[in-house]
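Model the full assembly from the supplied sequences, consistent with the hints where possible.
In order, the protein sequences belong to chains U and Z.
Position 101, counted from 1, in the first sequence is what the working numbering calls 101; the numbers after and before it change by one each time, with no gaps.
Position 173, counted from 1, in the second sequence is what the working numbering calls 173; the numbers after and before it change by one each time, with no gaps.
Because the hints were derived from the structure by calculation, they are not lab data.
Treat the hints with care, as some may be off.
In silico PhoX-like pairs for lysine-lysine, Cα to Cα no more than 25 Å straight-line [unchecked claim]:
no., chain 1, residue 1, chain 2, residue 2
1, U, Lys89, Z, Lys130
2, U, Lys97, Z, Lys243
3, Z, Lys265, U, Lys97
4, Z, Lys108, U, Lys97
5, Z, Lys255, Z, Lys365
6, Z, Lys192, Z, Lys108
7, Z, Lys139, U, Lys119
8, U, Lys65, Z, Lys180
9, Z, Lys176, U, Lys89
10, U, Lys97, Z, Lys130
11, Z, Lys130, Z, Lys252
12, Z, Lys265, Z, Lys255
13, Z, Lys365, U, Lys89
14, Z, Lys265, Z, Lys130
15, U, Lys89, Z, Lys192
16, U, Lys119, U, Lys97
17, Z, Lys252, U, Lys97
18, Z, Lys180, U, Lys97
19, U, Lys89, U, Lys119
20, Z, Lys265, U, Lys89
21, U, Lys109, Z, Lys180
22, Z, Lys243, Z, Lys139
23, U, Lys119, Z, Lys130
24, Z, Lys163, Z, Lys130
Derived contacts from chain U toward chain Z, CB cut-off under 10 Å, selection only [to be verified]:
no., residue
25, Thr87
26, Gln90
27, Gly102
28, Val105
29, Thr108
30, Glu129
31, Arg134
These figures come from a predicted structure and were not determined experimentally.
Just so you know, even glycine gets a beta-carbon here, dropped at the ideal spot from N, CA and C.
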Amino acid sequence: MRRRTLIAAFFAIPVALFLCLPAGTSAAAKKPKKPGRAKPVPVNFDTRLPVLGTRLAEFPPGDGKAIADGACLACHSTDMVRQQRLTEKQWTANVTKMVGWGAEVPETKREALIAYLVKNFGPDNDRFEPVVTRPVGR
Amino acid sequence: MSDSRNAESSLALNRRDFLLLAGAATLLSAAGPSPGTVPASRRRMLQVNGYATDAETPLDALTTYITPNDLFFVRHHWNPTYQDVRRWALSVDGEVERPLHLTLADLKQLPRASATCVLQCAGNGRALHKPIVPGVQWKYGAVGNARWTGVRVKELLDRAGLKGTARHLHTFGADKPPVKTPPFHRSIELEKILADGIVAYEMNGEPLMPLHGAPARLVVPGWAGDHWMKWLERLSAQPEPQKGFYMETAYKYPKQPGEPGATFKPEEMTPVTDLFVKSNIAEAPSHARVGSSVTLRGFAFSGAPDVAKVEVSDDGGGNWRSAELGAEHDPYAWRLWSFRYEPKVAGEVTLVARATDSRGGVQPKDAVWNQSGYLYNGWHSAKLEVTA
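Okay, structure coming up:
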């Protein structure tokens with residue numbers, strides 16, 4: 001009984017597969033595979049999207065931009081700063097932390113940097129919008 | 001698991017019949033719809049840091065039991081030095097009788113172990129804390145569910161001959177911090193890591209991607225992502241916990257909740273370990289008609305091994321109705337859920353979801369505010385505009 005079921009399945013499956021094929025296709029119409037050619041990866045995302053990590057915005061113009069460029073961009077993109085919405089107290093604490101970790105901020109420019117950060121990335125600034133990208137590694 | 005058992009019993013009956021059946025099954029699975037895939041229109045990421053790379057998954061792409069590798073969130077502290085697999089080796093040292101030095105080929109010779117479980121960044125949801133806290137402003141998608149395969153940490157430490165003096169496992173990745181930034185060195189209590197920790201070299205059946213920690217990373221089921229060391233290169237058994245900024249200052253959570261905005265002293269904090277019970281709404285329509293049902297879908301997880309229930313309320317938490325839980329679940333994995341809702345009156349409705357875990361932990365309305373913004377788990381809501 002089991003063997004009969006298997007034999008039926010053997011013939012039924014190819015028929016079912018053929019019926020599932022879109023109109024205008026057939027096994028005979030398929031191009032023969034060229035040996036050695038890698039199987040193409042199907043494109044299943046919007047190819048107009050940028051690759052992750054390639055769209056890097058600049059800091060907004062202003063008096064402190066050059067200081068921020070020099071202090072912040074060695075370790076991370078502007079995204080990391082632009083997404084913050086911090087008070088003056090919080091920015092002061094963060095600048096102190098980052099200087100301790102090696103950010104290059106001359107003492108004479110420290111106040112100007114904090115003022116620039118509070119003005120552009122304070123609690124009342126517009127919301128940060130992340131960059132929409134392709135899937136990871138695409 | 002059940003599939004492989006069926007296959008084995010078929011083999012015992014008749015090899016030819018089995019091959020025929022296996023072939024037919026393969027053909028059928030190739031011909032049928034592919035359940036659990038994310039539509040192409042939703043396959044994208046949200047870059048929150050261009051470099052070092054930080055990217056979260058949009059909620060509407062977190063609708064499958066297994067999160068695809070290329071849609072899995074990425075968190076880097078700084079630009080990593082990607083490992084050359086041919087030269088890479090994992091050292092196991094410290095309070096052990098026989099220090100080990102294992103290449104990837106060596107690791108793959110050892111007994112394989114797998115776990116399907118959630119990986120969530122400790123800071124997922126940080127952007128939802130009020131008052132605002134500094135740090136990567138993750139919203140919902142620094143989380144995913146994957147099948148991790150590698151070697152049990154217990155297997156490695158047994159082979160190395162763990163000494164009785166060891167209490168903590170210090171973990172080291174290959175990423176090197178810039179200038180004077182402290183290194184991201186961590187440690188875990190041996191009790192936890194021996195119970196279910198894995199040194200994983202595969203993710204969802206594929207070799208780990210460099211962005212996800214290749215050639216091998218630590219998997220710590222039920223615990224937050226700060227414990228899941230990427231680009232792993234050294235494990236060291238030690239009597240004391242690791243020191244340094246990322247153990248003594250960062251990844252700490254208040255022992256007792258305080259007022260939002262209150263700063264906690266170091267002695268009032270405890271390390272972030274278990275994930276908190278949490279449910280998110282991944283899919284919800286924005287419009288509905290009175291008398292016509294709509295479906296909400298989401299996922300729920302916890303630091304407890306399973307989720308007991310997910311409930312939805314349309315009156316701000318006064319009354320709750322149970323959602324249907326997905327059939328697929330594993331210890332510390334997430335449960336997918338769905339909920340059919342039929343609005344009775346026109347107007348704007350806010351639907352909220354909450355999860356309860358297998359230890360009785362209930363997702364709170366409001367997350368506990370903390371100065372680093374860890375482990376946000378307040379109720380998640382969706383607004384629905386209902387027309388007559």
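Okay, the hints, checked on the actual structure:
1. Of the pairs offered as hints, the one joining U/Lys89 and Z/Lys130 holds, with about 16 Å between alpha carbons and a cut-off of 25 Å not exceeded.
2. Between U/Lys97 and Z/Lys243, the direct Cα distance comes to roughly 18 Å. Compliance with the 25 Å bound is thereby established for this hinted pair.
3. At most 25 Å may separate the alpha-carbon atoms for a hinted pair to count; Z/Lys265 and U/Lys97 meet this at roughly 18 Å.
4. Between Z/Lys108 and U/Lys97, the direct Cα distance comes to roughly 42 Å. Violation of the 25 Å bound is thereby established for this hinted pair.
5. Taking the CA atoms of Z/Lys255 and Z/Lys365, the gap is near 19 Å; set against the 25 Å cutoff, the hint holds.
6. Restraint check for Z/Lys192 and Z/Lys108: satisfied, since their Cα atoms lie roughly 23 Å apart, inside the 25 Å limit.
7. Straight-line distance between C-alpha atoms of Z/Lys139 and U/Lys119 comes to about 24 Å, which keeps the hinted pair within the 25 Å bound.
8. Simply put, U/Lys65 and Z/Lys180 have alpha-carbon atoms about 23 Å apart, close enough for the 25 Å limit, and the pair holds.
9. Between the alpha carbons of Z/Lys176 and U/Lys89 the distance comes to roughly 30 Å, so the proposed pair goes past 25 Å and is violated.
10. Under the criterion of a C-alpha separation no larger than 25 Å, the hint pairing U/Lys97 with Z/Lys130 is consistent with the structure, at around 22 Å.
11. With a CA separation close to 18 Å, the supplied pair Z/Lys130 and Z/Lys252 stays within the 25 Å bound.
12. With a C-alpha separation of about 10 Å, the suggested pairing of Z/Lys265 with Z/Lys255 holds against the 25 Å cut-off.
13. As the CA atoms of Z/Lys365 and U/Lys89 are separated by approximately 29 Å, the hinted pair breaks the 25 Å bound.
14. Between Z/Lys265 and Z/Lys130 the CA atoms are separated by roughly 19 Å; this keeps the pair inside 25 Å, and the hint holds.
15. Restraint check for U/Lys89 and Z/Lys192: not satisfied, since their Cα atoms lie roughly 39 Å apart, outside the 25 Å limit.
16. The suggested pairing of U/Lys119 with U/Lys97 holds, with an alpha-carbon distance near 20 Å, which does not exceed 25 Å.
17. The hinted pair formed by Z/Lys252 and U/Lys97 meets the criterion: a straight-line CA distance of about 17 Å does not exceed 25 Å.
18. Among the hinted pairs, Z/Lys180 with U/Lys97 is consistent with the structure: their alpha-carbon atoms are about 11 Å apart, no more than 25 Å.
19. Annotation: proposed proximity of U/Lys89 to U/Lys119 holds, straight-line Cα distance about 13 Å (limit 25 Å).
20. For the hint pairing Z/Lys265 with U/Lys89, the CA-to-CA distance comes to about 18 Å; that is within 25 Å, so the pair holds.
21. Annotation: proposed proximity of U/Lys109 to Z/Lys180 holds, straight-line Cα distance about 20 Å (limit 25 Å).
22. Using a Cα cut-off of 25 Å, the hinted pair Z/Lys243 and Z/Lys139 is violated, with the two alpha carbons roughly 30 Å apart.
23. The hinted pair formed by U/Lys119 and Z/Lys130 meets the criterion: a straight-line CA distance of about 20 Å does not exceed 25 Å.
24. Of the supplied pair hints, the one linking Z/Lys163 and Z/Lys130 is violated, its CA atoms being roughly 46 Å apart against a limit of 25 Å.
25. Hint status for U/Thr87 relative to chain Z: holds, with the closest Cβ pair at about 8 Å, below 10 Å.
26. Proximity of U/Gln90 to chain Z holds as hinted, the smallest CB-CB distance being about 6 Å (cut-off 10 Å).
27. At about 3 Å, the closest approach between the beta carbon of U/Gly102 and any beta carbon in chain Z falls short of 10 Å, and the interface hint on this residue holds.
28. Interface restraint check for U/Val105: the shortest CB-CB distance to chain Z comes to about 12 Å, outside 10 Å, so the restraint is violated.
29. Violation of the interface hint for U/Thr108 is found here, the shortest Cβ-Cβ separation to chain Z being roughly 20 Å, above the 10 Å cut-off.
30. For U/Glu129, the shortest C-beta to C-beta distance to chain Z is roughly 9 Å, which falls under 10 Å, so the interface hint holds.
31. Satisfaction of the interface hint for U/Arg134 is found here, the shortest Cβ-Cβ separation to chain Z being roughly 7 Å, below the 10 Å cut-off.
Hints 4, 9, 13, 15, 22, 24, 28, 29 from the earlier list are contradicted by this structure; the remaining hints agree with it.
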